[in-house]
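Construct all of the structure, not just a fragment, from the sequences and the given hints.
Protein chains: 2
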Amino acid sequence: MDKLFGSFATVRKSATVLAASSDNERKQALLAVAQALAAHKEEIFAENSRDLDAAKTAGIPDAILHRLAFTEEKLKSVTTGLKELSELRDPIGLTKEKRELDPGFVLEKRTFPIGVIGMIFEARPDALVQIAGLALRSGNGIILKGGKEARLTNRKLVEVIKEATLTFSFGAGWILGIESHEDVDVLLKAEGYVDLLIPRGSNAFVRHVMDNTRIPVIGHADGICATYIDSTADQDKAIPVCVDAKIQYPAACNATETFLVHKDIAPSFLPRLNAALKEKGVTIHADSSALPHMEGAVPATEKDFHTEYLALECAVKVVGSVQEAIDHIQNHGSHHTDAILTQDKAAAARFTAGVDSADVFVNCSTRFADGFRFGLGAEVGISTSKLHARGPVGLEGLMTTKWILNGDGQTVAEYSGPEGKSFHHKELAT
Amino acid sequence: MDKLFGSFATVRKSATVLAASSDNERKQALLAVAQALAAHKEEIFAENSRDLDAAKTAGIPDAILHRLAFTEEKLKSVTTGLKELSELRDPIGLTKEKRELDPGFVLEKRTFPIGVIGMIFEARPDALVQIAGLALRSGNGIILKGGKEARLTNRKLVEVIKEATLTFSFGAGWILGIESHEDVDVLLKAEGYVDLLIPRGSNAFVRHVMDNTRIPVIGHADGICATYIDSTADQDKAIPVCVDAKIQYPAACNATETFLVHKDIAPSFLPRLNAALKEKGVTIHADSSALPHMEGAVPATEKDFHTEYLALECAVKVVGSVQEAIDHIQNHGSHHTDAILTQDKAAAARFTAGVDSADVFVNCSTRFADGFRFGLGAEVGISTSKLHARGPVGLEGLMTTKWILNGDGQTVAEYSGPEGKSFHHKELAT
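So the sequence lines, in the order shown, correspond to chains A and B.
Residue 987 in our numbering sits at position 355 of the first sequence; the count goes up by one each step and never skips.
Residue 663 in our numbering sits at position 31 of the second sequence; the count goes up by one each step and never skips.
The set of hints was computed from the structure by calculation and includes no laboratory data.
Since the structure is predicted, the reported quantities are computational estimates derived from the model, not experimental observations.
Treat the hints loosely; a few may be bogus.
No distinction is drawn between identical chains; accordingly, a pair holds when it is met within one copy or between any pair of copies.
Stated by the list, open to error - Using 30 Å as the maximum straight-line C-alpha spacing, the simulated BS3-like pairs for lysine-lysine come out as follows:
1. K635 to K935
2. K645 to K895
3. K728 to K1058
4. K645 to K728
5. K673 to K895
6. K741 to K910
7. K728 to K659
8. K821 to K635
9. K869 to K1058
Written out as structure tokens, the structure reads:
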């Protein structure tokens, strides 16, 4: 048995106490973490400088350096976030269902923490604090592996967070930082120690995690999102939505990769879409029906419609109907986020019913797929799983439920056979 | 590629139409199935006779023959069940959350069918009808593998059900019966064709499924349930509850296998428990503290506390506190169903918070863990998973959700940067 399993067992033990701790204690712990981060900011900034220097030396691109930097501004943002989390309603013990089986015999379905969560994420130290905060608020133990470029910053952050919660009933054991690829391999094998894995990162990495563990995984590998422009779309509104969906942050998983355009508006709409995207420097791969209407576009191959560009590049296809758009999305998409732009309510209803994706949008940009924009507080990831949590995952996705039945000596025998009592199953307000 | 995959693809195609079908159409289909079963009952009974004859020749025990028999009474029970299902509220399209992100910009979390479900179950033809009914009501395609003793009955049932739904928009393709172990092996490999597996059966079989597929699995392997009798328990009520929990149906997964008794009441309670269980023919394995108070009991070994007897046999242990009971359950139980018998509300609260099981009961028999008793209609299984569905799984467990965002041309760019609009995130009634 790997000795890391011993550390994981410590997380489980502390998480068990954390799960049973009061709302107020977890609130105070969040505020203590916020205070400690502010009090130790110089040490944190110093470690972050060392990480940044090493990254610059290694020739890491500017965009990644920007995410790696832990600035005064980011510190303020995460401490504000922790305070906001402390003010959210306690997610533990919420009654989701309540039913009287028979007078005085009451069944409740109530929420409880999942247990211990293993989270693997990119080189963003502010994400570490957000994730730790979500775990603490929801009563879950957390094992964190951040991107290697942020190693020193993350190590210091975990140290400060641990110290801040040391005097609480659950102690400092609920959070554990791990650092190496070897540690991640052990994490993937930690069935029984870890209840849920949430990997973020490249498509290949997320698939690697999904393929190499028996622990349940929440997340998404691909983000091949489509926007379908229906024949009845308001074209003046559609153009800025399409531009936003493609270029507002092209590297995001919720950026649109494929535009599907109804054949009836192809001659009028495609030249406008072409001009708007070209102005932003987008390379367009158009199918044979779209190509004549899109000057400067290159011919699309089948592969383009399976590609997550994550760049200023997109595919365009002309379709004959809403159903054809749905079929294309079912066969090429990744069940993440897809949108229809239309003025026809029946077409919108058909699209939302027929597209089997976590997020299905009408008349807006696919880029809205995000826990903060959805009003979930923060998010730990976006799930394309159909089970448990789907779409952006916030506090609710970190909870499980228990069925609690309160009786007064009832036996099943009394409720059995032709002479037995029957259940009245009366729904009660939760 | 196995040719069975072609049949699975047909299920998916039909399920896609089924998922988008109206409430009324699915209601009519359920009633048509009920009618067809009644109309073809003689053929079904004839096939069932052949299955029963073969089972008797093979020396199958009476208890299993009883479950295998598809009688007039069972036909009536399943057709009534189908009618009741048709009267339940449509589980598709329910709004679980509704939030205005900004005036006129509304996000909804709505329920949709999971897709295609693979169900493996025991030799009970009535279970086939119940499961098919749940699938039809919830808009899911279903692949069914029943116990081999019921092969001919099941084949006929699937044939009748298919014929009954042939004229509906989704046709007969939504249901598929498979028969051999080889077919099950193909099913386990059918990632992409099947969204969820629900295996029922022996511990070893369920583990085999869980270990040999990448498709999500809902179910439970072990059912090592405990009943803890606290020092403040009402002993007069506790005795019949303990007896019920052990003997009302000893082969059930929710039967109690272990009794934990608080040390303060051991001298008074254990002799009474001993007498009551002995009267019912239960063999008792008692730990060294319990043994002196339980005449005729045999000494328990550590293995007894990890054993699912599924028979008139149980283990008994004396514990010093509620916490010790919780710790025992965490280390020996299977997170299925555990009960506390107590008059002390604080002890009950501590137990329900501390025991990490799907069902945690207070002052009643563990045998109540059941979808029908819980008021879920029927159940497809009992889940000990902490994700998605936990405990008895009814219609709700067969649903997933989509986030549907209805806009009017909103872009993320408008909501970005220091000058950007902000979200107001106003909760709306669902």
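Status of the hints after comparison with the structure:
Taking the closest pair of Cα atoms, K635 and K935 come within 30 Å of each other only across two copies (26 Å); inside a single copy the shortest separation is 45 Å, beyond that limit. Taking the closest pair of Cα atoms, K645 and K895 come within 30 Å of each other only across two copies (25 Å); inside a single copy the shortest separation is 60 Å, beyond that limit. Taking the closest pair of Cα atoms, K728 and K1058 come within 30 Å of each other both inside a single copy (15 Å) and across two copies (21 Å). In the homo-oligomer, the alpha carbons of K645 and K728 lie at most 30 Å apart inside one protomer (27 Å), although the nearest pairing across protomers, at 34 Å, exceeds that limit.
Neither within a single protomer nor between protomers do K673 and K895 lie at most 30 Å apart by alpha-carbon distance, with minima of 57 Å and 52 Å respectively. Taking identical chains as interchangeable, the C-alpha atoms of K741 and K910 are never at most 30 Å apart, the minima being 54 Å within one chain and 35 Å between chains. In the homo-oligomer, the alpha carbons of K728 and K659 lie at most 30 Å apart both inside one protomer (22 Å) and across protomers (27 Å), since each shortest distance falls under that limit. In the homo-oligomer, the alpha carbons of K821 and K635 lie at most 30 Å apart inside one protomer (13 Å), although the nearest pairing across protomers, at 34 Å, exceeds that limit.
For a Cα distance limit of 30 Å, the shortest separation of K869 from K1058 across copies, 25 Å, qualifies, whereas the shortest one inside one copy, 49 Å, does not.
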